[in-house]
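Please put together the full structure from these sequences, using the hints given.
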Amino acid sequence: MKRYHCKRNGRYLKLGILVILYTLVVLGTLVYRASGSQHHTHQRHKRDLSEDDDNTTDCIPRSVDNFPGNFFTLEQTQDGGVFLHIFIALYLFGALAIVCDDYFVASLEVICDELKLKEDVAGATFMAAGSSAPEFFTALIGVFISKSDVGVGTIVGSAVFNILFIVGVCALFSGMVVNLTWWPMLRDCVYYILAVATLVIVIQNGKVHWYEALIMFLLYLGYILIMYWNKDLEEYFERLYRKLRHIPEDPPSQNETQSLTGSQKIGNGVYNTSKDSVKDVEDGKNDEVETSFTGTHESVPHEGHKDSKEYESPWLIPISFPARILWVTMLPVKAILYISIPDCRLPGRWRKMYPLTFIMSVVWIAGFSYVMVWMITIAGDSLGIADTVMGLTILAAGTSVPDCLASLFVSRDGFGDMAVANSIGSNVFDILVCLGLPWLIETAAVNHGDYVKISSEGLIYSSITLLSTVVFLLLAMFFTKWTLSKPFGIVCLSAYVIVITFSVLYELNVFGNFVAEICPR
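In my numbering, the protein residues as written are 7 to 527.
Everything labelled a hint here was simulated from the structure, so no lab data went into it. Treat the hints with care, since some could be wrong.
[Unchecked claim] Below 27 Å or equal to it, Euclidean Cα-Cα: the simulated DSSO-like pairs (lysine-lysine) are: (1) K358 <-> K340; (2) K249 <-> K122; (3) K249 <-> K237; (4) K213 <-> K459; (5) K249 <-> K487; (6) K122 <-> K358; (7) K487 <-> K237.
[Unchecked claim] Derived CB-CB ranges, DEER-like: (8) V369 <-> R248: 46 to 56 Å; (9) V503 <-> E241: 17 to 27 Å; (10) Y242 <-> L200: 17 to 27 Å; (11) V369 <-> L414: 24 to 34 Å; (12) A341 <-> I92: 15 to 25 Å.
We put the CB at the ideal spot given by N, CA and C, even for glycine.
Below is the structure:
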């Protein structure tokens, strides 16, 4: 027992030292960016002014001017009306979660079934689009309507939220210590690092050209190819790992239907079963073989869970009192969606209407996202808060709530790999598609030959910090021996607070005048 406590205390000490070192890395990156950003920002703004003869001031136009007018005056908004805008935005977060989970994702599942797509390919394409739909439409609005960095800020903030906050919440509240397997983590983390590095290179000069956006989109097509050959790649790296570690391969028994790498098809998902991967339940009474998800974003039915396509009436009243309060609050949205969108989860002719379900879901997601960004923009403008700050914080957290809840639920059932892979894989889609595709449409089709301007220098710092979050996550998992545990969760949440705090302070020019001021009214 004493030896166990010593080992546990040593692990906590390593995690504490890791948090301190990570804080120093974030501070060092900030200081480095700060030391060279003032001159660079001044020169860039000067260059932009010389390129545009119509510009008479070095400031960022107000995004609120690109939306319909406020239903309050500025004085009324500042005197308390802003809380109504924030309430509407929060309500629309819930509306987005309902339309995505109940209709949009359901239509994507039917599309995947009809097209007979492999699980990995479906997870990397259609299912990724389902979980990242709010971020995608927020980025579209930022590029084509508000002409601001709110979309980039939301994507960057969502990436930090997914990597550190969601994984931390899963580790804290899963109710068990869940072991993770190395291949999904390695695959998604390596490609995520490539995606973030590409984003940093693309936005470092404040301009995004069509060929840069095209490269980002093509990189995601490469990710799909990796997912397509996922099983072969996993077998290759498994053999390489065993060869380097001099581990003999165990011949499969006659009763086993899985491959040497442990790949096994269960329901709608692809899993790895490993004899070494055992889930340690905290009460110590139950040990069971751990199954780990090798794809991303795929909803996996298993014993104790209903199938993802199983229909659940929106009029079914929950049992618990808090759930009833939430049900009553969201009932108007449920009713509107029930009337306007055919539910393809129902059998027969309803299932055949999945194209209409998909189209109407996209329409509602676009509408909800537009009003949500509109409300957040008004709130930020009335409080004097930059669009990027609102994107890094409120919009990022709000658009990632469905992912957070989904990851928490599957981690509670012991599917830790699925929860972590879903978080990292969503970030790959967010960066390469949710940003790359709107930028490509704007620069190649809408305004051919033009570029998208990135006004905030702070976003470059935040994007660089994303690279350190991946390294931090891998080191933290190494020190905790690839397990989701409460100490690991505390460390991840602490790192999230550190990153967001410094990113917001950078955007607010606390460390110097690195971000241009907003134009006066």
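- Message: Is 17 to 27 Å respected by the C-beta to C-beta distance linking Y242 and L200?
- Response: 19 Å, holds
- Message: Looking only at beta-carbon atoms, does the pair A341, I92 fall within the given range of 15 to 25 Å?
- Response: Holds, at about 24 Å.
- At the C-beta level, are V369 and L414 separated by a distance inside 24 to 34 Å? Roughly 29 Å apart at Cβ, these two residues keep to the hinted range, so it holds.
- Query: Straight-line Cα separation of K213 and K459 no greater than 27 Å?
  - Reply: Roughly 5 Å separates the two Cα atoms, so the pair holds.
- Please work out if K249 and K487 have their alpha carbons no farther apart than 27 Å. 21 Å, holds
- Outcome for the supplied range 17 to 27 Å, where the beta carbon pair is V503 and E241: About 40 Å separates the Cβ atoms of V503 and E241, which means 17 to 27 Å is violated.
- For the pair supplied as a hint, K249 and K122, confirm whether the alpha-carbon distance does not exceed 27 Å. 36 Å, violated
- Message: K249 and K237 were given as a pair; does the straight-line alpha-carbon distance stay at or below 27 Å?
- Response: Holds, at roughly 18 Å.
- Item | 27 Å Cα cutoff - pair K358, K340 | 22 Å, holds
- Restraint status (C-alpha distance of K122 to K358 at most 27 Å): Holds, at about 15 Å.
- Item | Pairwise hint evaluation, K237 against K487, where the allowed Cα distance is 27 Å at most | Holds: K487 and K237 sit about 25 Å apart, inside 27 Å.
- Task: Could you tell me whether the CB distance from V369 to R248 stays inside 46 to 56 Å?
- Result: 51 Å, holds
Consistency note: the structure conflicts with the earlier hints numbered 2 and 9.
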